[in-house]
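Q: Sequence:
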Amino acid sequence: MKQVIQNFKTGELYVDEVPNPSISENMVLVENKFSLISAGTERGTVKVGKASLIGKAKQRPDLVAQVLQNIKKEGLKATIDKVKTKLDSLKALGYSTSGVVAASMDSNSKFRPGDRVACAGQDYASHAEVVAIPQNLVVKIPENVSFEEASFTTLGAIALQGVRQAEPRLGDKVCVIGLGLLGQLTVQLLKANGCRVFGIDLSKNLIDLAITSGADGAMLRNDSNLNTAIDNFTDGHGFDSVIITAAAPSNDPIELSAVISRKKGKVIVVGAVKMDIPRDPDFYRKELELKMSCSYGPGRYDNKYEEDGHDYPFAYVRYTEQRNMETFLDLISQGTVKLDNLITHTFDISEAEKAYDIVLGKVEEPHIGILLAYPESKTKKTSLVSVQSNAVSTINIGFIGAGSFAQSYLIPYTKKEGASLDTVVTTKGITAKNVASKFGFNKASSEARDILDNDQINTVFIATPHNSHAPYTMEALKAGKNVFVEKPLAMNYDELEEVKKVYLESNRKLMVGFNRRFSPIAEKIKSEFVGNGEPKVVNIRVNAGFLPKDHWTQHKEIGGGRIIGEMCHFIDLMQYFTDAKPVKVYAASIKTDNQNLTSEDNISITVSFSDGSIGNLLYLGNGDKSLPKELIEVFSGGKVGRIHDFRKGDLHKGNKLIKLKLDGKGHKQEVEAFLKSLKETTEAPIPFESIYLTTLTTFKVLDSLATGMAQDI
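The numbers in the UniProt record's numbering rise by one with no breaks, and the one at position 188 of the sequence shown is 188.
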């Protein structure tokens, strides 16, 4: 399918053929008819992408701070690799579309193939022939509303939410600062609400358009008569409310809003403006109320609402972002909102670059509402796209899942043992195409079947969300393929037993991404204790850091939580150092009434091993980032080995301290070891029994927490 893309590293903007997206539960697949370019928002997004590295840093100081923190935690080289991966990515543009449902997996059975719908959401409702949208960001289009009109729905919901925040009453006098597309819609919505509306902007064309849209008055910001006109318009009282829909780097809209508001008036910020709030004289003396308007409305940025499909109760949240979208379409249907004057250009998707030339000012042409049209296309339903035609080697690899982790720590090392990269699959076609181009895959796809059904692919890497690991692993093994799957292997007892059964019947190799045992420093320390015949005490302290409850890894059905998803690393490391089987585990976590904290993220785990060794894990989410993340200590036979964040370590023996300078967490070595085992037909780097017991132990940790008792493994 065709999609508008911007290369975030170079800033280049173009239309490319990418695999169409796939859908999962609570999502709707839509074939676009039209999409709206939000000139103000997208102009800013594209300009950031076109900026130099220093320019990007200036515009996103928050990300610079994250980079500096990451250097302290993971080192300069690892951080540079991460930054390169982030920069060398393709960005989807657009967030307001209309089209026809092609398929639906919504939980309410509300949408059927053929339904006319409007869609919202950055990275969802993109400028592309086919889009995959969460169900709460899709609404049906009334019969008398055209696709062109419906493509405005997201912008309409944003404008509507700004008006709702102002809570206007019949007869209120309201000023709209910024008369771009969002401002024009706001003017019409306020007029529909029985308000008298005054507009302010820097453009004479937009002033005239606002009058056409129904504004009772509108003037240029630099007009010397502006203050007098406002005085007369408001009878000297000032505006009941001011809605700022401008996008401006200056503080002028905020300062102006305070001057022109009445005492106890409201200032609503919808647009992206500088917000240095001056206390004196007006904000303080007038007791003004300043309110932010959050995008499309209640539900925005709530993963449970947007991604999981959980709606808010109608009686308690009358207008969610979806219900705002529906309301806006109703207003168009009734003729209350008119959009004919707001559509200035329509381009075919193949000519999208011309549209952005206008948006970016390369072509000076008056514009406001620019639409992209999507005619019928033979390629719009294609999940598989050829990218290049490299030779296929003995080890031919397919990647299911290729996020930042896979791009940073797995894919770069796969060619070291002479493997070839055949097909990469991600749910978003734009990501698959980018990864394929960047790393040299022959094909990009959005459907796992394009790997699983390909007989030429004999090895599969799985780096998807945790809940899909076991299903994909079993499908790949049944298809006769060797499997490298990121941790965890399974999410529960049943899945683990099913994987075990399929593995034992498959006669294929199975590897789980327990990388730390492959780190050079772990191997060096283990070698110091080999053959001493004495049990070991392994102490591991992980300063993991706080993770909010809405993070996907904390979602029990998707990520499984940190015990299953993260702590398995350290159970495996204990097995590695002891060369013994875990036989019993006891766990205790903190208890807190703080709803922001996850008790299980602050836990003490003790594991007993078959040779008499003991492993102690302190996994903590309530520490400070300035403390290094991981400290591992191994005690046995009068020696102590220590690992400091897998960047350095030391060995204490014979009353001497020996410094160890061995960097890296073993990602490179684990991939190379797995591929070498395939090439030389040797045993898998980690015995399946060890992988099985590590996974089983994490489930027993949960049982120990639930019962308060030690659990046999």
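Just so you know, not all the hints are guaranteed correct.
Unchecked claim - With a cut-off of at most 25 Å between alpha-carbon atoms, the simulated SDA-like pairs for lysine to any residue come out as follows: (1) K549 <-> R300; (2) K549 <-> Y316; (3) K668 <-> H644; (4) K524 <-> K653; (5) K526 <-> K661.
To be clear, the hints were calculated from the coordinates, so they are not data collected in a lab.
Q: Hints first: check each against the structure and report whether it holds.
A: Hints and how they fare:
1. K549 <-> R300: Holds, at roughly 16 Å.
2. K549 <-> Y316: holds, 23 Å
3. K668 <-> H644: Satisfied, since the Cα-Cα distance of roughly 19 Å is no more than 25 Å.
4. K524 <-> K653: holds, 14 Å
5. K526 <-> K661: holds, 15 Å
Checked against the numbered hints above, the structure violates none of them.
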